[in-house]
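Number of protein chains: 2
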Amino acid sequence: MAKREKPDDARPKARLPKGMRDVPSAEVRGLERMLGKIRGVYELYGFEPLATSAIEFTEALGKFLPDQDRPNAGVFSFQDEDGEWMSLRYDLTAPLARFVAENYDALPKPYRRYQTGSVWRNEKPGPGRFREFVQFDCDTVGTDNVAADAEICMMAADALEAIGVERGQYRMRINNRKVLDGVLETAGIDPLSDANTKQRLTVLRAIDKLDKFGPAGVELLLGKGRKDESGAFTDGAGLGAASIKILLDYVTAPAGERGATLAAIGKLIAGSERGRQGAEELAGIDRMLTSAGYGAARITIDPSVVRGLEYYTGPVFEAELTFETKNEEGETARFGSVGGGGRYDGLVARFVGTPVPATGFSIGVSRLYSALKALGKTGAEAARGPVLVLVMDKTDLGTYQALASKLRQAGIAAEMYVGTSGMKPQMKYADKRGSPCVIIQGGDEKAKGEVTIKDLVAGAKAAEAITDRAAWTEGRPAQVSVPEGDMVKAVQEILARQGA
Amino acid sequence: MAKREKPDDARPKARLPKGMRDVPSAEVRGLERMLGKIRGVYELYGFEPLATSAIEFTEALGKFLPDQDRPNAGVFSFQDEDGEWMSLRYDLTAPLARFVAENYDALPKPYRRYQTGSVWRNEKPGPGRFREFVQFDCDTVGTDNVAADAEICMMAADALEAIGVERGQYRMRINNRKVLDGVLETAGIDPLSDANTKQRLTVLRAIDKLDKFGPAGVELLLGKGRKDESGAFTDGAGLGAASIKILLDYVTAPAGERGATLAAIGKLIAGSERGRQGAEELAGIDRMLTSAGYGAARITIDPSVVRGLEYYTGPVFEAELTFETKNEEGETARFGSVGGGGRYDGLVARFVGTPVPATGFSIGVSRLYSALKALGKTGAEAARGPVLVLVMDKTDLGTYQALASKLRQAGIAAEMYVGTSGMKPQMKYADKRGSPCVIIQGGDEKAKGEVTIKDLVAGAKAAEAITDRAAWTEGRPAQVSVPEGDMVKAVQEILARQGA
Numbered sequence: 018m019a020k021r022e023k024p025d026d027a028r029p030k031a032r033l034p035k036g037m038r039d040v041p042s043a044e045v046r047g048l049e050r051m052l053g054k055i056r057g058v059y060e061l062y063g064f065e066p067l068a069t070s071a072i073e074f075t076e077a078l079g080k081f082l083p084d085q086d087r088p089n090a091g092v093f094s095f096q097d098e099d100g101e102w103m104s105l106r107y108d109l110t111a112p113l114a115r116f117v118a119e120n121y122d123a124l125p126k127p128y129r130r131y132q133t134g135s136v137w138r139n140e141k142p143g144p145g146r147f148r149e150f151v152q153f154d155c156d157t158v159g160t161d162n163v164a165a166d167a168e169i170c171m172m173a174a175d176a177l178e179a180i181g182v183e184r185g186q187y188r189m190r191i192n193n194r195k196v197l198d199g200v201l202e203t204a205g206i207d208p209l210s211d212a213n214t215k216q217r218l219t220v221l222r223a224i225d226k227l228d229k230f231g232p233a234g235v236e237l238l239l240g241k242g243r244k245d246e247s248g249a250f251t252d253g254a255g256l257g258a259a260s261i262k263i264l265l266d267y268v269t270a271p272a273g274e275r276g277a278t279l280a281a282i283g284k285l286i287a288g289s290e291r292g293r294q295g296a297e298e299l300a301g302i303d304r305m306l307t308s309a310g311y312g313a314a315r316i317t318i319d320p321s322v323v324r325g326l327e328y329y330t331g332p333v334f335e336a337e338l339t340f341e342t343k344n345e346e347g348e349t350a351r352f353g354s355v356g357g358g359g360r361y362d363g364l365v366a367r368f369v370g371t372p373v374p375a376t377g378f379s380i381g382v383s384r385l386y387s388a389l390k391a392l393g394k395t396g397a398e399a400a401r402g403p404v405l406v407l408v409m410d411k412t413d414l415g416t417y418q419a420l421a422s423k424l425r426q427a428g429i430a431a432e433m434y435v436g437t438s439g440m441k442p443q444m445k446y447a448d449k450r451g452s453p454c455v456i457i458q459g460g461d462e463k464a465k466g467e468v469t470i471k472d473l474v475a476g477a478k479a480a481e482a483i484t485d486r487a488a489w490t491e492g493r494p495a496q497v498s499v500p501e502g503d504m505v506k507a508v509q510e511i512l513a514r515q516g517a
Numbered sequence: 018m019a020k021r022e023k024p025d026d027a028r029p030k031a032r033l034p035k036g037m038r039d040v041p042s043a044e045v046r047g048l049e050r051m052l053g054k055i056r057g058v059y060e061l062y063g064f065e066p067l068a069t070s071a072i073e074f075t076e077a078l079g080k081f082l083p084d085q086d087r088p089n090a091g092v093f094s095f096q097d098e099d100g101e102w103m104s105l106r107y108d109l110t111a112p113l114a115r116f117v118a119e120n121y122d123a124l125p126k127p128y129r130r131y132q133t134g135s136v137w138r139n140e141k142p143g144p145g146r147f148r149e150f151v152q153f154d155c156d157t158v159g160t161d162n163v164a165a166d167a168e169i170c171m172m173a174a175d176a177l178e179a180i181g182v183e184r185g186q187y188r189m190r191i192n193n194r195k196v197l198d199g200v201l202e203t204a205g206i207d208p209l210s211d212a213n214t215k216q217r218l219t220v221l222r223a224i225d226k227l228d229k230f231g232p233a234g235v236e237l238l239l240g241k242g243r244k245d246e247s248g249a250f251t252d253g254a255g256l257g258a259a260s261i262k263i264l265l266d267y268v269t270a271p272a273g274e275r276g277a278t279l280a281a282i283g284k285l286i287a288g289s290e291r292g293r294q295g296a297e298e299l300a301g302i303d304r305m306l307t308s309a310g311y312g313a314a315r316i317t318i319d320p321s322v323v324r325g326l327e328y329y330t331g332p333v334f335e336a337e338l339t340f341e342t343k344n345e346e347g348e349t350a351r352f353g354s355v356g357g358g359g360r361y362d363g364l365v366a367r368f369v370g371t372p373v374p375a376t377g378f379s380i381g382v383s384r385l386y387s388a389l390k391a392l393g394k395t396g397a398e399a400a401r402g403p404v405l406v407l408v409m410d411k412t413d414l415g416t417y418q419a420l421a422s423k424l425r426q427a428g429i430a431a432e433m434y435v436g437t438s439g440m441k442p443q444m445k446y447a448d449k450r451g452s453p454c455v456i457i458q459g460g461d462e463k464a465k466g467e468v469t470i471k472d473l474v475a476g477a478k479a480a481e482a483i484t485d486r487a488a489w490t491e492g493r494p495a496q497v498s499v500p501e502g503d504m505v506k507a508v509q510e511i512l513a514r515q516g517a
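As given, the protein sequences belong to chains A and B, one line each in that order.
Under this note's numbering, the residue at position 316 of the first sequence is numbered 333, and the numbers go up by one with no gaps.
Under this note's numbering, the residue at position 412 of the second sequence is numbered 429, and the numbers go up by one with no gaps.
Think of the hints as simulated: they come from the structure by calculation, not from any bench.
All values reported here derive from a predicted model rather than from experimental measurement.
Some hints here could point you the wrong way.
Pairs of lysine-lysine residues, derived as DSS-like cross-links and limited to a Cα-Cα distance of at most 27 Å, are as follows [stated by the list, open to error]:
hint : chain 1 : residue 1 : chain 2 : residue 2
1    : A       : K229      : A       : K262
2    : B       : K126      : A       : K411
3    : A       : K449      : B       : K54
4    : A       : K54       : B       : K54
5    : A       : K141      : A       : K343
6    : B       : K54       : A       : K506
7    : B       : K445      : B       : K411
8    : A       : K126      : B       : K449
9    : B       : K126      : A       : K30
10   : B       : K465      : B       : K441
11   : A       : K54       : B       : K449
12   : A       : K441      : B       : K126
13   : A       : K126      : B       : K445
14   : B       : K506      : A       : K54
15   : A       : K54       : A       : K394
16   : A       : K244      : A       : K215
17   : A       : K126      : B       : K441
18   : A       : K141      : A       : K229
19   : B       : K262      : B       : K241
In silico negatives: residues of chain B with every beta carbon more than 12 Å from chain A [what the hints assert, rightly or not]:
hint : residue
20   : Q152
21   : D207
22   : E327
23   : D461
24   : A477
Glycine is no exception: its CB is placed at the ideal position from the N, C-alpha and C atoms.
Put together the whole structure using the sequences plus the hints.
Take a look at the structure:
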């Protein structure tokens, strides 16, 4: 670059705030493709789109996050000219509740909508944890019919398959808050008493560690507590042996064929009316899934799903990717959760004063995209740049633009080089853009009414050795000269050869 | 709804902050379609997508708005945990400048990107003016080649046609800051002196009123000033008669065939080196456009384009829709501008200290969508809701879900009614959703292995009269019973009959 005009310290730094990121082109395209396919499935199920504003009154958002691990979840807030506090939305559910409450009478009931968009959290960022990220939600509001829950699970399974996650690489896992409450009741813990909140959370957290510490570890956490390898001690829930056994039997119930799981659950909640209700809801979901042909290879009932149980009021869902991949520590592990949801009745009630039943599912878009990347299914793998028309004579740009136009008219992405540099930087540019081929029309070619097309994929190696125009003209690696009228056809052949 | 649980004053109000809005489903779909088509054109020209974060450091955004009518344009700002000020982006250009400066070495040069997304302005909202709105930008950074400017105009024209604005319904208008500067110079006003800023702005504002007040009005505003019908007086630029004549000749130069406009301009900037440069840039753009086959029916050179001239440093572009429509006051008027842009060299320089030439174009997405709506080309006109499978027996939901599944497997948007209400509300629901038809399988039909399909478009009137199941069963308006195995085919026939 030319010499600087201002001293360094007078200039702002080109940088992003912590936890923010720019999404590069391949990912924008891959996300667009992925979100489009999910949208297609959701539309097929009769869900309709909605877009709410990014900014809401802080009061309207409230604080309802399903993820209990982040109790201090913060929002970005500022005041309007009247001093009222506004916030950036931290999820898509709270704005939905506001929207439904505001438009209740005009909406069809049940109201079924999907929405995708950025949400913001004023939290400590970390690896893979950003302050702005995209969610893709679907919700059915205004019915307590578990058919709505079953359908959302089917739809999520269909969406995963539509984007390229194959059957067997994922599992939708369903649990039910009421069933857990029933088990707690059977185990002697009142599930609805405020006095038990802390103990209940400790129990949930213990169950959530099944994957990590196994049944023996959970047993310790449900009882007196557990010391880890470093010697650090985690307090337990302080339950007695009989209670612990009931809870362990629950979380380790087989999550294979849904009928077997339902039978195992049935025994553990005998005597709890709330538990019976929950089990009946799961049985209803099972019947729906079975009728529609969704077996346990796609959707299981799984008592070890704990996440969000404290937040949701009935069925909860989790989409888990079951294929193995390397985690952040380089260990081989299941990919894990890419979305979750469930039934919640309190959100709209905040505004209207009466319970409005609702159920929904939210996809963590970045995480799902990472999974597609791990599977090589983002579609970005096949992406290529535009065909580049080289500028051989700067006084004759119209000629090259006309060639680029012809290619575009045939539906081929193409550009004339619009910089001002010479041959070598132009070839470098084509390389950087991932161009499949370049179009060359020097004076000789123009006189003959021809163009030369260089296949950059076939010619990649040879191109590295070329340093000047003379060598180029002699060598002509992986290139072909055709009459100008045949250019489009010749380029199409090269593209076909390279694969779509 | 059931009785309320909380007193009114304990509940938050379900409402949006001023200037915010929810986008309903038809518009979300129509926008998606429109943006997808624009994206397709931009990709065809070799532009690649980028998505930057919504939040930037306030310092990095600076204050660079092309619209001089809103000097107090505000942003939404808040502080991070270290006390640094962050803001929501107010356009997509300032973040692009930050991105380019931050990644300069890694980017191909020229760098060509498009981006679409929300921007936020903390300004007084009004009719049609929101605090959150969507822009669609394309920019070429790192070249002063006017081929890049020409291409952006061609691309914008192609994009308008791709979304359904026909040739003749729009015009891309090009002007050049340097040409105006040359005319000012010829008229005796130093275009680069800071001492003249106020007078120059008054001149620009006067020229901008050509549409409204005609040449006679502009003449007054360039001279002593103008009194309007209410008696209010607007101060003029105080120019002498000779200067006024030059400026009037300039803004009223014919904006038809580009060659004629260029000839008229040439006479007015004789003697100004800066003006000559600008005219040469326009001539270069004209040559490119002509070679690529873009005539004056699509792209004109138009000296009356003033908007943004104070901000841009070379060519400026405006996309005008020329068809007539009713404006907010109910008067018939041209639809007007839906986008604008031009060449600006200062933005990246803020960070890196050296000028980085750039040119770009920004579409006001909501405004363009309004235009499509006025033209009946949003695609929402042909939209319809999902086929609804009615629930006749609540204990047999699996059966209905299976029917809905079958339709979806054939690519037909379909849902089983997931509410809990009876026949009449279900029919109302289908109506509200815009369902093309409903599927009915009562006990009799099930016994015979049949389904009944009711065409809601054909049967719209008859349906209103139906109050109970008995009347329904007798009347059977616009409905057909077919074996279950023929359901998909029969629905496809109804959809085809209704038109896609």
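Here is how each hint holds up against the structure:
1. K229/A with K262/A: Distance of about 19 Å is within 27 Å: holds.
2. K126/B with K411/A: holds (17 Å)
3. K449/A with K54/B: The hint holds at about 26 Å.
4. K54/A with K54/B: holds (17 Å)
5. K141/A with K343/A: holds (24 Å)
6. K54/B with K506/A: holds (25 Å)
7. K445/B with K411/B: holds (18 Å)
8. K126/A with K449/B: Distance ~9 Å between K126/A and K449/B Cα, so the pair holds.
9. K126/B with K30/A: Answer holds: K126/B to K30/A is near 21 Å, not above 27 Å.
10. K465/B with K441/B: holds (24 Å)
11. K54/A with K449/B: Holds, because 26 Å separates the two Cα atoms, which is no more than 27 Å.
12. K441/A with K126/B: holds (13 Å)
13. K126/A with K445/B: holds (10 Å)
14. K506/B with K54/A: With Cα atoms ~25 Å apart, K506/B and K54/A stay inside 27 Å; holds.
15. K54/A with K394/A: holds (13 Å)
16. K244/A with K215/A: Since the Cα atoms of K244/A and K215/A sit roughly 20 Å apart, the hinted pair holds (cutoff 27 Å).
17. K126/A with K441/B: holds (13 Å)
18. K141/A with K229/A: holds (24 Å)
19. K262/B with K241/B: holds (14 Å)
20. Q152: For Q152/B, whose nearest Cβ neighbour in chain A is about 14 Å away, the distance exceeds 12 Å, so it holds.
21. D207: holds (22 Å)
22. E327: E327/B clear of chain A: closest Cβ-Cβ about 21 Å, beyond 12 Å.
23. D461: holds (20 Å)
24. A477: Label holds. Min Cβ-Cβ 17 Å, cutoff 12 Å.
Violation of the numbered hints given earlier is absent; every hint is satisfied by the structure.
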